[in-house]
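Asker: So you can see what is in the structure, the chains are spelled out below.
There are 4 protein chains.
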Amino acid sequence: MKTGFIGLGRMGRAIATRIKTAGHDLIVYNRTHDKTKELAAVGAAVATSIKEACGDSGIVVTMLSDDAALEQVAFGPGGICESSRKGTIHMVMGTHGTAAIRSAQERHAQAGQILVSAPVLGRPDVAAAGQLGVVLAGPREAAEKCRPLIDAVARRVFEAGDKPEHAAIVKLANGLVLGCAIEAMGEAFSLVRKYGVKTDVLYDVMTEGLFAAPAYKGYGKIIVDEGYTNVGFTAELGLKDIRLILGAAGAEHVPLPATHTVYNHLLSAIAHGYGGKDWSVIAHEQAQEAGLK
Amino acid sequence: MKTGFIGLGRMGRAIATRIKTAGHDLIVYNRTHDKTKELAAVGAAVATSIKEACGDSGIVVTMLSDDAALEQVAFGPGGICESSRKGTIHMVMGTHGTAAIRSAQERHAQAGQILVSAPVLGRPDVAAAGQLGVVLAGPREAAEKCRPLIDAVARRVFEAGDKPEHAAIVKLANGLVLGCAIEAMGEAFSLVRKYGVKTDVLYDVMTEGLFAAPAYKGYGKIIVDEGYTNVGFTAELGLKDIRLILGAAGAEHVPLPATHTVYNHLLSAIAHGYGGKDWSVIAHEQAQEAGLK
Amino acid sequence: MKTGFIGLGRMGRAIATRIKTAGHDLIVYNRTHDKTKELAAVGAAVATSIKEACGDSGIVVTMLSDDAALEQVAFGPGGICESSRKGTIHMVMGTHGTAAIRSAQERHAQAGQILVSAPVLGRPDVAAAGQLGVVLAGPREAAEKCRPLIDAVARRVFEAGDKPEHAAIVKLANGLVLGCAIEAMGEAFSLVRKYGVKTDVLYDVMTEGLFAAPAYKGYGKIIVDEGYTNVGFTAELGLKDIRLILGAAGAEHVPLPATHTVYNHLLSAIAHGYGGKDWSVIAHEQAQEAGLK
Amino acid sequence: MKTGFIGLGRMGRAIATRIKTAGHDLIVYNRTHDKTKELAAVGAAVATSIKEACGDSGIVVTMLSDDAALEQVAFGPGGICESSRKGTIHMVMGTHGTAAIRSAQERHAQAGQILVSAPVLGRPDVAAAGQLGVVLAGPREAAEKCRPLIDAVARRVFEAGDKPEHAAIVKLANGLVLGCAIEAMGEAFSLVRKYGVKTDVLYDVMTEGLFAAPAYKGYGKIIVDEGYTNVGFTAELGLKDIRLILGAAGAEHVPLPATHTVYNHLLSAIAHGYGGKDWSVIAHEQAQEAGLK
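From first to last, the protein sequence lines stand for chains A, B, C and D.
The letter at position 225 of the first sequence is residue 571 when you use my numbering, and the numbering goes up by one with no holes.
The letter at position 148 of the second sequence is residue 494 when you use my numbering, and the numbering goes up by one with no holes.
The letter at position 199 of the third sequence is residue 545 when you use my numbering, and the numbering goes up by one with no holes.
The letter at position 95 of the fourth sequence is residue 441 when you use my numbering, and the numbering goes up by one with no holes.
Hints are computed from structural coordinates only; laboratory data are not their basis.
Some clues are possibly wrong.
Chain copies aren't distinguished; within one or between two, either way the pair holds.
Taking lysine-lysine pairs in the DSSO-like style, the calculated list, with each CA pair at most 27 angstroms apart, reads [claimed, not checked]:
hint	residue 1	residue 2
1	Lys639	Lys540
2	Lys383	Lys540
3	Lys544	Lys491
4	Lys540	Lys586
5	Lys586	Lys544
6	Lys567	Lys397
7	Lys540	Lys397
8	Lys563	Lys432
9	Lys383	Lys567
10	Lys432	Lys491
11	Lys348	Lys540
12	Lys383	Lys544
Make a model of the complete structure from these sequences and hints.
Answerer: Structure below.
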């Protein structure tokens with residue numbers, strides 16, 4: 347089955363390359379044509395419009411940066427919805443809000459199309475190694491059809507349910523837990539610093555004990571080193587995700603008080619000009635509030 | 347060198363047993379005499395008073411439940427301070443507040459005695475296996491003298507600094523991070539539940555990914571199972587620790603907004619009668635606030 | 347100058363009636379025709395479409411319930427923007443978000459029209475008595491042209507600046523202060539109740555002292571009486587306003603931690619089925635969390 | 347009946363002077379002798395020890411700065427408890443924690459003495475004018491005996507209950523509401539400033555409307571003027587009170603999330619060196635966190 351792929355940022359390129367090299371018949375599109383070269387080099391067809399990418403594809407994959415891009419690419423003029431046949435599956439691999447996913451699902455359904463949500467866990471280098479986690483949700487049959495594509499990039503697939511929003515909310519919830527872990531480290535490191543303890547002592551205690559996990563090892567290291575210019579994920583992007591989380595929670599009346607502290611520190615960080623730093627810079631805000639230099 | 351050991355709760359017994367069986371000359375004391383039997387059985391001397399346990403010991407270890415117990419045992423009538431010689435080292439292995447540790451250090455110093463703080467990371471069964479983490483702080487020479495005892499129970503020693511409060515604050519900060527991790531899980535699990543997703547999907551995503559660590563595996567499991575009667579650490583004890591953390595932070599003017607959310611949920615849990623449940627019952631409070639049953 | 351008036355809810359009717367009876371040439375429109383009767387009775391012309399209400403009016407006033415209604419009425423098909431001449435002033439009297447106001451201003455400007463924002467302070471009965479506070483902002487000349495209409499309903503006009511969003515943000519900020527006052531009362535009343543003190547003692551202390559003001563007298567009374575069915579403003583509407591506040595704050599990176607506590611309690615209240623109660627029902631949530639019945 | 351009065355700070359002097367000039371037989375004591383002169387000048391007897399002030403007094407009044415001072419003056423060597431006869435009434439007029447009041451009550455009871463709590467509402471100049479609010483609680487008969495003294499300084503007496511802690515908690519709860527009002531203003535003023543609105547617009551809206559009360563007029567003015575050196579009550583003292591509030595709430599398991607935001611901002615303010623500024627300087631912290639200069 348032919349597959350269209352739209353959105354060739356760093357993550358999109360890594361995923362599309364895996365899919366193509368796994369032997370799938372792939373046609374790619376990106377607004378900025380330049381980014382298609384890498385895919386052309388591995389033999390993917392390159393479309394010059396969304397319409398062309400969708401034309402006779404049974405599955406169209408998107409990896410887009412935010413809800414606005416999804417709205418435009420899927421439902422704008424010349425977008426996926428109007429360019430695809432009935433029965434086409436749109437597999438959304440970006441991180442999106444539950445409202446955006448629900449709305450997309452409904453409009454695709456009206457056009458006789460099917461939405462599957464398959465947000466990914468991991469960075470582009472993990473994708474390139476085919477080691478992503480993928481959360482998968484949508485109507486069972488459609489989700490099954492997407493599996494071969496997902497298997498090209500995934501170490502593990504987490505089946506979240508039969509509504510696309512099920513995958514979206516799991517991905518957001520995982521981000522919530524991460525934001526709170528970083529906030530907690532910001533608080534904890536500030537606390538020990540005020541008592542004159544070197545932060546690497548706490549780092550060792552955490553990461554060799556209860557918190558021997560990538561979230562703490564990776565972000566903890568950045569905080570200990572105050573290496574916020576070592577950007578994995580910017581504060582601006584962190585804010586975008588936390589907004590999706592708070593939005594999804596608010597819509598279902600779930601209070602998230604700890605997540606709000608993450609949100610507030612992200613706002614402060616950006617207000618202070620650190621929007622382009624790694625989002626663990628919220629630990630720096632915490633330190634400032636405690637009077638540390 | 348003879349060692350006194352005071353405080354034979356579950357953790358104290360496990361540690362004292364390891365120390366004795368490692369070959370140290372040990373005399374133990376507990377307010378409730380009954381709990382000394384286990385130690386007598388492995389050959390420890392049993393004192394009938396704190397005074398007797400301190401008499402000619404070079405090091406007196408305490409493993410006590412709270413600051414009030416430390417105050418009474420160390421500085422009450424017939425306590426460690428008045429029962430010990432000059433030069434005696436008091437190694438505190440319990441979790442205590444920084445103010446209590448500082449105050450104890452000062453009063454011991456006035457009596458020519460030395461305080462070393464060596465709080466432990468791990469449960470009694472971990473202690474029994476000699477696999478504890480121990481955070482160690484105090485004057486270097488005194489701390490070194492304590493090492494053979496610590497080595498009998500520790501997998502790893504984290505040297506935190508030359509003031510006893512350095513170890514205390516690291517232990518508290520680690521607890522802060524744990525409290526926030528549980529709070530974050532409470533928020534995240536409530537969120538996915540409101541969207542109709544099974545909690546074990548999120549559990550798998552977390553514990554096979556960024557959060558593949560004991561804190562999330564252990565407490566996450568309790569929350570997923572709503573198994574709050576499976577008590578590792580009660581809400582009442584959790585509240586005691588969070589109070590020590592907030593107290594230590596407040597004394598040095600460190601705001602801890604996420605930790606306050608943990609505190610508030612613990613208060614609610616206890617107000618609702620769950621003081622004796624596992625402290626991850628704060629996730630239940632979070633679920634209640636979101637309108638979940 | 348002829349004036350169009352769209353949106354005849356309780357507040358809209360009260361304001362429009364004052365404007366008409368002050369002698370202005372008024373044509374009114376409401377989606378539900380029934381609500382125009384009261385205005386017809388005092389001599390207002392009644393339009394059967396937005397287009398008719400705008401036709402040759404120099405000023406078109408709207409009093410709408412939310413941003414979605416504003417979007418539709420002003421910029422939907424047959425809406426104010428396409429139905430009005432160049433130079434028409436659209437005076438928005440509802441409470442709207444700053445983003446909605448800014449967006450409306452820009453689109454009106456593209457059509458050669460002018461937006462003035464004039465949100466009101468007070469309930470419908472206060473409007474009927476001509477005793478509203480009105481916050482006014484927009485280009486000076488246009489704002490001046492609106493003054494005679496405003497004078498028909500206002501006790502006092504607060505000039506907030508030359509951009510319409512200036513008035514919107516002041517109205518929202520005032521609501522923020524109110525929400526926090528109610529939250530504070532919820533916390534304070536729960537606290538004294540737990541100590542066995544009657545809530546009216548605290549009520550008297552507050553309202554005869556530092557807090558001798560309508561916000562405390564009115565909402566404090568509801569809380570003391572637990573009279574949340576005595577609805578001035580529902581929890582659902584309160585949530586709508588708090589969302590506008592948090593949205594406006596987030597857009598400019600202003601952290602509002604106390605306001606988040608109001609938000610969280612509103613979410614809980616609605617999750618527990620109290621969306622239709624007075625929004626001071628957040629005090630009930632606070633009491634619940636403290637274990638009070 | 348002879349009355350002893352201990353604690354002649356600014357507030358203590360104002361109250362004692364009113365009591366003496368109302369015709370009561372008064373003997374005063376202050377640790378720093380100098381501050382007794384003002385009272386000697388109006389005819390009060392001056393004691394050189396607590397013992398002398400208590401000797402044959404039926405009521406001993408204290409106006410002390412904190413719980414530690416109360417502990418020392420009432421229960422230290424040569425303190426009120428051991429210096430007074432059975433049946434003596436100790437009327438505490440300072441602001442104290444509920445735990446301190448309860449503990450004092452119990453120890454006085456063991457000595458056959460009675461504690462009455464009568465914290466005051468208002469500043470020293472209000473006391474000098476006899477216009478204080480006084481919250482009164484304690485055993486009815488003893489409280490009645492204190493009334494003539496209170497009537498010398500009070501505009502209004504609020505009877506809170508028959509346990510002394512009833513008055514203490516009402517006074518603390520009133521402070522909670524005030525702290526939250528200041529926090530709310532900090533948030534609201536930051537918000538309008540970020541949108542380019544002058545803060546006095548919001549000040550006028552608040553203080554001529556829902557918030558036409560001393561708390562908003564007084565503290566709002568300081569915030570608008572950024573006049574934090576105009577100190578009514580320092581951030582350090584504010585922190586002391588908020589700690590009493592949080593302590594009293596925590597003891598009864600009442601979560602106070604909004605009050606925690608006040609606490610956190612006070613900690614930050616003091617960490618930044620503003621402990622001696624007016625406690626409304628928390629609005630300055632809020633502005634900083636929003637990136638305002």
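Asker: Does each hint fit the structure? Answer for all of them.
Answerer: Hints, one by one, checked against the model:
1. Lys639 x Lys540: both (11 angstroms within a copy, 26 angstroms between copies)
2. Lys383 x Lys540: The answer is neither: 52 angstroms in one copy and 43 angstroms across copies each exceed 27 angstroms.
3. Lys544 x Lys491: between (52 angstroms within a copy, 23 angstroms between copies)
4. Lys540 x Lys586: between (31 angstroms within a copy, 20 angstroms between copies)
5. Lys586 x Lys544: For Lys586 and Lys544, the Cα distance is within 27 angstroms only across copies (25 angstroms; inside one copy 33 angstroms).
6. Lys567 x Lys397: neither (45 angstroms within a copy, 47 angstroms between copies)
7. Lys540 x Lys397: Answer is neither: 59 angstroms inside a copy and 37 angstroms across each miss the 27 angstroms cutoff.
8. Lys563 x Lys432: Neither way: Lys563 and Lys432 sit 47 angstroms apart in one copy and 44 angstroms across, limit 27 angstroms.
9. Lys383 x Lys567: This pair counts as neither: shortest intra-copy Cα distance 35 angstroms, inter-copy 46 angstroms.
10. Lys432 x Lys491: within (15 angstroms within a copy, 55 angstroms between copies)
11. Lys348 x Lys540: neither (59 angstroms within a copy, 36 angstroms between copies)
12. Lys383 x Lys544: The answer is neither: 48 angstroms in one copy and 41 angstroms across copies each exceed 27 angstroms.
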